[in-house]
Amino acid sequence: MAHLYTSDEQIDRLVDFKGAREYHLTKDRRKKDKRMPLKEAIAEFVHDGDIFAETGFSYVRSPIQAYFEIVRQQKKNLTGIGSPMSNCSYFMARGCMKAIHLSYIGVEMRGNDKNFARIIKNKEAEILSFWSHGTMAQGFKAAQLGAPFIASKQLLGTDMIKQNPYVKVIDNPVGIDHDPVCLIPALFPDVCIIHVQQADRFGNAVISGPAINDIALAAACRRVIITAERIVPEMTIRDNGNASIPFMYVDAVVELPYGAYPGCCPGHYFWNREWWEFLIRIGTVTYDNMIDFTDRWIMNTKDQYDFIDKAGGMAVIDKARRLMEAAQGTADDTAISFDYQEVIPKWD
Amino acid sequence: MSNVAPANPLEMLAYNLSMMIEDNQIVYVGTGLPMVGGMLAKKTHAKNITLVFESGGQDPLEGCDVPWSVGCPFTYRKSPLTMEMSISFGQCALGYVDIAFQGGAQFDMYGNVNTSVIGSYENLKSILPGSGGGNDIGSLTEKSVLVGLQLPERFPERVDFLTTPGYLEGGDSREKAGLYGGPIAVVTQVGIYDFEPESKRMRIKALNPGMTVEIAQMCTGFELLVPEEIHMVAPPPDEVLEILRTVVDPRGVFTKMPGM
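Which chain is which? The protein sequence lines are A and B, in order.
If you read the first sequence in our numbering, its first letter stands for residue 75, the second for the next number, and so on.
If you read the second sequence in our numbering, its first letter stands for residue 144, the second for the next number, and so on.
There are no misleading hints in this set.
Have a look at the derived ranges for each label pair, beta carbon to beta carbon: (1) 395(A) x 393(B): 22 to 28 Å; (2) 312(A) x 207(B): 35 to 41 Å; (3) 239(A) x 318(B): 25 to 31 Å.
Below, a list of computed lysine-lysine pairs in the DSS-like style, where the Cα atoms sit at most 27 Å apart: (4) 113(A) x 376(A); (5) 188(A) x 399(B); (6) 92(A) x 242(A); (7) 221(B) x 190(B); (8) 420(A) x 188(A); (9) 188(A) x 268(B); (10) 197(A) x 268(B); (11) 268(B) x 195(A); (12) 268(B) x 420(A); (13) 236(A) x 319(B); (14) 268(B) x 236(A); (15) 242(A) x 319(B); (16) 286(B) x 236(A); (17) 221(B) x 185(B); (18) 221(B) x 393(A).
Simulated coverage check for chain B against chain A, where a stretch passes if three residues somewhere in it have a Cβ under 8 Å from a Cβ of chain A: (19) 273–286; (20) 305–314.
What the hints contain is simulated information worked out from the structure, not anything from laboratory work.
All values reported here derive from a predicted model rather than from experimental measurement.
Heads up, the beta-carbon is just placed ideally off N, CA and C, and yes, glycines get one too.
Working from the sequences, and respecting the hints, build out all of it.
Below is the structure:
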C-alpha cells in the first residue's frame, strides 16, 4: 500500500523490537519524583510524529483530559493505535492525527462515528492496517512478554490479513497439528498515557477495574505518562502490593482528578452519557458540528475543572459519583435512578 | 385473553437470542441486544449461566440497569476478577466459552460478517467502526450466533469485506483455514436460520409469528435454503415479556421500537 501521510520509518517503528529495547535502555533508571503538571508532561513526552497508543476502553478509565491537552497543544502527525481507539476521531478532526492502525472507532450501540467515516472517505487521514481487538491486544502482550511475536488463531480467513502488512499466516511449525496460525508481531508504540486510580510519585501505578491493554502498553511503549486520580504515599502501594505498572516504565506522573471525565472511572465516577451521545449523534455528523463541539469542549476549555463547570458543575459530578457507587454496588442502589434524557436528534 | 401486549420485533429478537442459551453455559456477551438476550436468559430459563465480557468483566452480580457499554461497571459489578483484554479472548480459544453473539453490517450466505468497509478500502463507499472483538469471538468461540436486521443489502451473497469468519467459502473451508467452532444460527427480526451441514449455506430454521418464506427471501440478497418443513417460533410467554420489560430492559433502551 502506498501511503499519503506516513513514512516507511513510521510504519516500521511500530514493530522495531530492537529499537524499543535500545530506547528503554537509555531511560533514566533513578527512582525519582516524576510529578509534573499535565501541560509540561504532554509538551515533553508526546512528540510530533509519534505512534500514539490509546489506553483504557475508549471511555472507561481513559486519560481523556490529557488527550484534550494534546489537542490544545496542536501536536502533529500522530499515528493512532489502540483497542479500542474511539478518541482518535477528534484527534483526526483537529488535525493532530493523519494515520491509524484500526481496531474499532465508535461508541457501540450509541452510534457510528460519522466524523471518522468522513475523514477516511475524504482521505484526510489513512488506515495503515486493520486489526481485531484481540490480535492488537496480542501484539501489545507479546511486547510485554518480550516475545518477538505471538501465533494467533484469530484473523485467519479474513480480508483484514490482506489489509495488514504486519501479520503473516503460516502452518504451525511446532506442536502436533501443523494447522494455520497468524503471526502477530510485538507492537511498540512510541507513547501512551494511562489514567489510574492511584499512583505514587515515582510512577508505581494501581489500576482498579478492567486493565484492558494498559499493563502491556506500559511495558511496550517507549514513553509512558501516568495521570492519576490520587497520588498516594509509596508505602500505601507497598502495603497493598497491588501496583500493576512498575515505576521504571514511567516518565511522568500527573495528579489529575477527574482525568477520565467525561468517560467513567471505576471507583470514582460514571459516564456523562449525554456528552457521548451528543458527540456521536450530533457532533460527528458534519465537519462544522465537529469543530463547534471540539472548540467548546476542548479548545475553549482550560482544564478538567473548567470542563466540569461547563458540564453542570458540582451537581453533575456528584451525580456521576453516586451512579458509579450504585453501579459497583458500594452504595445502596435502590434509591438511585439511572434514568436520563437520551440524546436523540430529530433528524436521525 | 392476555392483557400483555405482544412482542415487538426487537423484543422477539431478544427473546430468540435468549433461547439460544442453555442453562449452565458460559456466555460471551457483546453490546446491545445480545446483552439483553443474555440477561433475559439468566432471568428465565438459564439461571445458572455465567456472563463474560470483552472488557474483561467476569461473572458480574446483577445490576440495576442495562450496561451502557461492554465496558460499563455493570459488566464487572462485584466481579471476583477482571481480565486483561488479550486474556479474556483467550478464554474463547481455550474452550471455556460455549456461546457468543456477533452483530454486523453485512452477513453473507456462509455466515461471514462485515463490520469494516462497504465497497473496498481502495474504492470506499463507507468505513464502518471495525472488528472490535467481533473477529476474535467469531474465530474462537465454539458456537456463535449472528444477530442483525435482515434486509437484502445487509444480507448479500458475499460480504464486501470479510471481518469475522463464518464458513468462508462453505464446505470445510473454515476448518481448513485453521479456525475453531463456527456460527450455529442467525437471528433476525424475521426468524432464525442455521447452516446446512454439508454446504454450510444459510437455511431457514424457524420463522417469527406472521412471517413467511416469501418475506424471508425478500429480505435476503441470496437464495436461502428452505427445509421441507417450516417451523414457526412460538411467541414468548407473557411472564417472559414481563421480565424483559420490567427487569431486564425497563427503560426500553434496546427493545423499544424507535419512534414508539
